[in-house]
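Colleague: So the chains spell out like this:
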Amino acid sequence: MNQGVIYTETIVHSAPEQFVSEAPYQLVIVVFDDDGGRLTARVAGSERVVIGDRVEFDHDRDGIRFYRKSVPR
Amino acid sequence: MGLPWHCYPKSDMRPVAVIGIGKTSFGAFADRDLRSLAVEAGNLCLASANVKPSQVEAFYLGNFAGPSFVGQNHLAPYVAGAMGITGVPATRFEAACASSGSAFYHAAMAVAAGIHDVVLISGVEKMTSQSTPRVAEILAGAGDSMGEVRAGATFPALFAMIARRHMHEYGTRREHLAAVAVKNHANGAKNPQAHMRKIISMEQALNGKPIADPLTVFDCSLVSDGAAAVLIAPLERAAEFTSKPVRILGISQVSDHVALDAKQDITTFAAVRTAGEKAYKMAGVTAADIDLAEIHDCFTIAEIVATEDLGFAKKGDGGPFAAEGHTSLTGSKPVNTSGGLKSKGHPVGATGVGQICDLVLQIRGEAGERQIAKHNIGLAQNLGGSGATAVVTILGGAQ
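Sequences listed follow chains A and B, in order.
Here the numbering used here runs 49 ahead of the position in the first sequence, where the first position is 1.
Here the numbering used here runs 765 ahead of the position in the second sequence, where the first position is 1.
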């Protein structure tokens, strides 16, 4: 669950009560390289991703996994 | 097309007909409580078929979140008792936005199986007494609370992700989504019971306040109060109650995973596809035979995807299909002649039965200003969550 590809994404402007202070934030579904599993996650910081972008795990906060765009090697 | 009764799941099941309908207006009613809305719709329905409360043999109630919205549980006998219906099975069905579709399905099966004759099915939701963030939180209870919801998903966000993927795979555009909103508002403006009877322009629809990209406020259905009710009975007894029975030709309820990220392909609702196939088979009809449909447009993208899943448009073509006018009142396949959830309103638990009421009005030729010319066979599609429950019903008139 450390590396994968963006399957879909949205930028949430109208957030649920507990996340209002973080809006707008980007919500994504990541497809993982290792087992093809999927997870609904967040994008770290203010960077934005699009469908097909490669991402890697950044950090976890209260069970929410944050990803960032992979830097090409 | 012959009578399709032999296609009921068991050969000895009885044909079932809708014999009465009743509906409150949908809207924001500060002075109304849940029970008074449900009682109003139920009483209108009983009166329409000249049925007394004592003749009702079972009561099925669709409601998503009465306990959260208004703090009342045990809702089915609570509503039934207020209508003077006691001494019978009274049960609440919860399947998110498909709650009353599910209640209708189970009631129809009970009558078809010969367990009951005269059955009342209602749907009700009282939503507007809560703040918008609280409404969003309650609605999010229809998603996976340990997964997508914990990560920050709202229902607009889930359907926005469906829209993004549909756009990516099939070239669907913002203009296609907006065309659905413009069309449904045009229809709703002709519906005296609609929540928002307002025509909107393409320009307005494209420039709405962003909710979850690419969806704007004009892509989202309304938060509404309201109730709807229908009475059903075996077809052989229908003439006792009405001169215009509407037959249930086919009906199916199908489930899928609750979490959006548990579905392999989010550009389709697998449960809608399967429920549609089963309902078509039971009715002995195909998509081409459907004269009109009430589709669950909780978001504009949901109507586009469902028209594909039900075979009205080819996979991926749902956007252009709407934008070219095929689903308008005068198109080849009118969709949401009532205004849909977008304009008529979406009191969640009332929506499934509300769709049946609107189809019945069209099939009987009683839809007033929005009446369409060819109206013998109608389809209703009710969706729960991001597709974990789907109910598809096909109704037929006299011809």
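Careful: at least some of the hints might be erroneous.
What the hints assert, rightly or not - Label-pair restraints from in silico Cβ distances: (1) Arg117/A / Lys1080/B: 32 to 38 Å; (2) Asp84/A / Gly1130/B: 53 to 59 Å; (3) Arg899/B / Asp82/A: 52 to 58 Å.
Stated by the list, open to error - Quick list of in silico lysine to any residue cross-link-like pairs, SDA-like style, CA-CA up to 25 Å: (4) Lys1139/B / Gly1096/B; (5) Lys974/B / Pro73/A; (6) Lys974/B / Asp83/A; (7) Lys974/B / Gly112/A; (8) Lys118/A / Gly1096/B.
Think of the hints as simulated: they come from the structure by calculation, not from any bench.
On a predicted model such as this, the values are computed, not experimentally measured, just so you know.
Cβ coordinates follow ideal geometry from the N, Cα and C atoms, glycine included.
Colleague: Kindly indicate which numbered hints from before are broken by the structure, ordering the numbers from low to high.
Modeller: 3, 6, 7 and 8
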